[in-house]
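J.: So the chains spell out like this:
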Amino acid sequence: MAETVEVDARGLSCPQPVIETKKAIEKTSSGEIHVLVDTMTSVMNVSRFAKNQGWKVSYEELPEGGFKIVLRK
Amino acid sequence: MFKALSRALTSRSGPILTGVAVGILAPLLTFWGNPGNMGICVACFTRDIAGALGLHRAATVQYIRPELAGFILGSFISSLIYGEYKPRTGSSPIVRFFLGFFAMIGALVFLGCPWRAYIRLSAGDLNAIPGIVGLAIGIVIGIAFLWHGFSLGRNYPAKKALGYIMPVVAVTLLVFVLLRPSFGPEGTSAIFFSKEGPGSMAAPVALSLAVGLFIGFLAQRSRFCTVGALRDLIMFKDFHLFNGIIAFIVAAFITNVLLGQFKLGFEGQPIAHTNTLWNAMGMVLSGLAFTLAGGCPGRQFIMSGEGDGDAATFILGMLFGAATAHNFSLASSPAGPGMYGPAATIVGIVFCLFVGFLMKEKI
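Protein chains in written order, with the working numbering: chain A, 1 to 73; chain B, 1 to 363.
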C-alpha cells in the first residue's frame, strides 16, 4: 500500500517549501505527499515544481488557515 | 476584471508581464527626471530616503522616493483585494535586519541593487556585467547553504494590525514628499531634499507614485523577484521567474534605445564606477544576503506590504545600512569604491557565511 508522507513547510521562506517537497519526492516513488504551507505563493511554487516532476497536484484551504497541497503519483 | 487580471499575473506569463512593465517604466522614469539608469533602484532609493530623513548627511543623495512608498501600498492593496494580506513575523528578525544592512552595503559598493544592475546592463553600462556575475556568485553560495539545510526558521501568523505598520510608514513618507515639512532651521534639519546630484533628480511625484503603485500591484500578484529568478533557475531549472528578468532586460533595452538613453561602454556611465573587482564583490555580498533572506530588495518591499514583519525588518536594516554606508565612507562614488567599502564588503561576506553555516534547522 502506498504511504502518505506529510511535509510541514508553514512559515518557511522561499525556496524552502520547494526544497522540503523535493526531499520528500526523492524518497517517495509513488503514493501521496501532503505539503502544508501558509501562503498562496508557496502553493504555486510547490505545485509548479511537483507538476514538473510528473506528480498530480491539488490543494485545499485549511479551516485553521494555510493550505494543504496534495501530490499524487 | 480583477479575476482575469489576477489569473494572467499568477500564470506563467505573470513575471513576464511584470518584467515588461518594469522594463518600460524604469527607463521612462529616468526620461521623466529620475537619475541616469536609476529609473527604479530599490537600494539607491532606500538610501535617498535615509538621507532625506537625515540618517546620513550626504547632501547629493537625499530625497523621499515615492516609488518605494508605491511598492508597499500597491502590494498592500493587491494583497487585500486577493485575500493574501497575511501578517506574519518571527523568523529571526535580528538576523534579517543585518542581512538587509549588509545587502545594502554591497549594493552601495556596486552602486545599485539587482534591479539597477539589470537596468544598467540594458542601457549599455558594461560595468553591470561584473556586478551581475558577482550577483550570480553570491546567489550560488546562498544556494549551497540552502541545500545544506540553511533556514532562518519559521514565521508565525501575527495580529492584523502588525501589517499596517509599513503601509502607514509609506503614507507618512508620501506626506513628507508632498508637504516638504521642515523640522528645524532650513538646511540643518530634516526633511532634507538634495539641491544637486542624483538626489535632486526626480520624476514628478505623481508619476513616480503611480509607477510604484502599479509595479507594487503587479509584483505582488506575479511574485516578481530579481534574485529568486536566478536562484530557482539554478536550483530547480525553473524558468518561471527568470523569464521575467529576460523580459525586463529586453524591454528596458528597447525602451532605452527608443529614448536615446542607450550608451555602450565602461567609461562615463551615469552614477557608476569602473572598478571591476569591487563591482563584482559588492554584488557577491548583496546576492548572498538577499538569497539568505529569501528575496531581492523589491520582493522584500512587496512582502512587507502583504504584512510580512520580517521583510519589514530587513528593509529597516537596509535603511540603517544605507546611513552607515554614507556616514562611514563605505559607499562608492563615480570615482571608485569608498575608503572603507572593500573592508566592509569583506566583513559583510564573513557575516553572511557565519549566518549560512550556523543557522540550520531540521524541518
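It cannot be assumed that every hint is accurate.
What the simulated footprint calls covered on chain B by chain A, stretch by stretch (three residues with Cβ under 8 Å from a Cβ of chain A suffice, anywhere in the stretch; the number is not a length) [to be verified]:
id: 1; segment: 59 to 71
id: 2; segment: 100 to 114
id: 3; segment: 235 to 246
Interface residues of chain A toward chain B, partial, derived using beta-carbon atoms under 8 Å [as the list claims (entries may be wrong)]:
id: 4; residue: Val5
id: 5; residue: Ser13
id: 6; residue: Thr41
id: 7; residue: Lys56
id: 8; residue: Val57
Computed from the model, here is a short list of chain B residues facing chain A with C-beta under 8 Å [stated by the list, open to error]:
id: 9; residue: Leu146
id: 10; residue: Gly228
id: 11; residue: Glu267
Keep in mind the hints are simulated off the structure, nothing from the lab.
Note that the Cβ used here is the ideal one computed from N, Cα and C, for glycine as well.
J.: Does serine 13 of chain A hold up as a contact with chain B if the rule is Cβ-Cβ below 8 Å?
T.: holds, 3 Å
J.: Does leucine 146 of chain B meet its interface restraint, that is, does its C-beta lie within less than 8 Å of any C-beta in chain A?
T.: holds, 6 Å
J.: Just to make sure I understand the rule, a stretch counts as covered if three or more of its residues have a C-beta closer than 8 Å to a C-beta of the chain. Does the segment 59 to 71 of chain B meet that for chain A?
T.: violated (count 0)
J.: Less than 8 Å between beta-carbons is the criterion; does valine 5 of chain A satisfy it with respect to chain B?
T.: With a minimum Cβ separation of about 13 Å from chain B (threshold 8 Å), the hint on valine 5 of chain A is violated.
J.: Are there three or more residues in the segment 235 to 246 of chain B whose C-beta lies closer than 8 Å to some C-beta of chain A?
T.: holds (count 4)
J.: Answer holds if the nearest beta-carbon of chain A is closer than 8 Å to that of glutamate 267 of chain B; otherwise answer violated.
T.: violated, 38 Å
J.: Does the segment 100 to 114 of chain B contain three or more residues whose Cβ lies closer than 8 Å to a Cβ of chain A?
T.: violated (count 0)
J.: Do the numbers back the hint for valine 57 of chain A, that is, is its least Cβ distance to chain B under 8 Å?
T.: Constraint on valine 57 of chain A not satisfied, violated at 15 Å.
J.: Hint validation: threonine 41 of chain A versus chain B, beta carbon distance must be below 8 Å. Holds or violated?
T.: holds, 5 Å
J.: Under 8 Å, Cβ to Cβ, is where glycine 228 of chain B needs to be relative to chain A, so tell me if that hint holds or is violated.
T.: holds, 6 Å
J.: Under the criterion of a CB-CB separation shorter than 8 Å, is lysine 56 of chain A in contact with chain B as hinted?
T.: Constraint on lysine 56 of chain A not satisfied, violated at 19 Å.
Comparing the model with each earlier hint shows violations of hints 1, 2, 4, 7, 8, 11; every other hint is respected.
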